[in-house]
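Using the sequences and the accompanying hints, generate a full structural model.
Residue numbers (my numbering), protein chains in the order written: chain A, 3 to 176; chain B, 66 to 301.
What the hints contain is simulated information worked out from the structure, not anything from laboratory work. Even glycine gets a Cβ: it sits at the ideal position worked out from N, Cα and C. What you were told as hints is all true, and nothing was included just to trick you.
Computed footprint of chain A on chain B; a stretch qualifies when at least three of its residues, placed anywhere within it, have a C-beta under 8 Å from a C-beta of chain A:
#1 70–83
#2 104–116
#3 168–175
Okay, the calculated beta carbon distance ranges per label pair:
#4 150/A x 69/B: 12 to 22 Å
#5 67/A x 208/B: 34 to 44 Å
#6 54/A x 67/B: 44 to 54 Å
#7 205/B x 78/A: 40 to 50 Å
#8 172/A x 167/B: 45 to 55 Å
#9 89/B x 150/A: 15 to 25 Å
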Amino acid sequence: MNDDSGGNRARARFQALCQSLRPDLVRFAFWLSRDRALAEDVVQETLLRAWKARDSLKDETAAKPWFLTIVRREYARSFERKRLATVDVDELIAKEEPMLAASEDQQIAEVRAALFRLPEEYREPLVMQVLMGCSTAEIAAELNLSSAAVLTRLFRGRKQLRALCGEDTSQDPE
Amino acid sequence: MIDCSQYRRVMLANPHDTDAELAAHRDRCPECAAYTERLLRFEGKLVRAVRVQPPDAERGGAVIALRPRRSPVVRKWLALAASVLLGVGIAGALWLAAPHTSLAADVVAHMAGEPQAWTRTDVPVPAPELAFVLRNTHMRLRPDAGVVSYAQSCLFRGQRVPHLVVQTDMGPVTVMVLVHESVSKPTPFDEHGYRGTLLPVAGHGSIAVLAKDQSGNLDAVKSIASRVRADIEWTD
Numbered sequence: 003m004n005d006d007s008g009g010n011r012a013r014a015r016f017q018a019l020c021q022s023l024r025p026d027l028v029r030f031a032f033w034l035s036r037d038r039a040l041a042e043d044v045v046q047e048t049l050l051r052a053w054k055a056r057d058s059l060k061d062e063t064a065a066k067p068w069f070l071t072i073v074r075r076e077y078a079r080s081f082e083r084k085r086l087a088t089v090d091v092d093e094l095i096a097k098e099e100p101m102l103a104a105s106e107d108q109q110i111a112e113v114r115a116a117l118f119r120l121p122e123e124y125r126e127p128l129v130m131q132v133l134m135g136c137s138t139a140e141i142a143a144e145l146n147l148s149s150a151a152v153l154t155r156l157f158r159g160r161k162q163l164r165a166l167c168g169e170d171t172s173q174d175p176e
Numbered sequence: 066m067i068d069c070s071q072y073r074r075v076m077l078a079n080p081h082d083t084d085a086e087l088a089a090h091r092d093r094c095p096e097c098a099a100y101t102e103r104l105l106r107f108e109g110k111l112v113r114a115v116r117v118q119p120p121d122a123e124r125g126g127a128v129i130a131l132r133p134r135r136s137p138v139v140r141k142w143l144a145l146a147a148s149v150l151l152g153v154g155i156a157g158a159l160w161l162a163a164p165h166t167s168l169a170a171d172v173v174a175h176m177a178g179e180p181q182a183w184t185r186t187d188v189p190v191p192a193p194e195l196a197f198v199l200r201n202t203h204m205r206l207r208p209d210a211g212v213v214s215y216a217q218s219c220l221f222r223g224q225r226v227p228h229l230v231v232q233t234d235m236g237p238v239t240v241m242v243l244v245h246e247s248v249s250k251p252t253p254f255d256e257h258g259y260r261g262t263l264l265p266v267a268g269h270g271s272i273a274v275l276a277k278d279q280s281g282n283l284d285a286v287k288s289i290a291s292r293v294r295a296d297i298e299w300t301d
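Written out as structure tokens, the structure reads:
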């Protein structure tokens, strides 16, 4: 009986964890894929896989990187299945316009459109840092890069993003 | 000693880097201080920009939701999803009969989903955005309550609740206003690296105030919690 109620509590706790993480996972998948519907699919499959493998998550404080890894893997799978020959960013922006412009602030909508235009190699570490709160070391481990390479990508990514948003970048280092 | 170019390079990679050498450079270089201010202002916009509203975030239903299928692989999981949902339903029914997780544990679990909220910054959330988060809550913060650097309306135990981060002397402190949750007395907690307290608010449920453990001891958190409670003005 005690084992049952303990198991139920653990399941309920895992469910609560999924619920609390889901919005950011969808956001992360959205910035990764730049496709709202695909992001939802990726996260749905992520949660199913996570549910099946929940016993392997021993430490809840490590939940974020654990889920992040599954999201990236699921996205890679979907990308392999549906590889596009070319990507027209303007078309992507037009398609996701309701989500990108869903802000009262025009400046925020501009930053979102600029993020869409940022190459994936810069966009992904930037979103991991800004949205998911990952440290440089965590990003490096996830992307299989050195910390120095991650810092370079973050530097270039932010610099490009600021330029795309029309910020004054004259004082940025080369 | 680092020069301006090195300083800006590091700051562009991580505007919230708290390295002492960076701070020392900023203190003696007004140009870099001004540059940092502009960079942090942009960073505030970036933080808001990445937080797009998930399309189904308002539904608040099953975490593992079912939608029209889009690919064969997704279809393949349909049966599994259905069985998982059934399992979740059964587990939910059992959960109703089982002892519930504590309010403090749920607050801490919620924190795991919002790590970016803990950024130490002096960039406040724009007033219209804060007002939007506090809509329908019948509360407001006193003007001198401190810098509110993060404000979101979060789904918590089936209700939308304001999740705020206030910058204090001991660093960022999270406040959740839980008008639907009551506690009979101040309830301190120390779980999974978070220290905080639940405080009753007569006629308005409770508030949860917590900090990451490296930010201070429990007594300091409790003292800040009392201050935060006093900084909330109820409008009904």
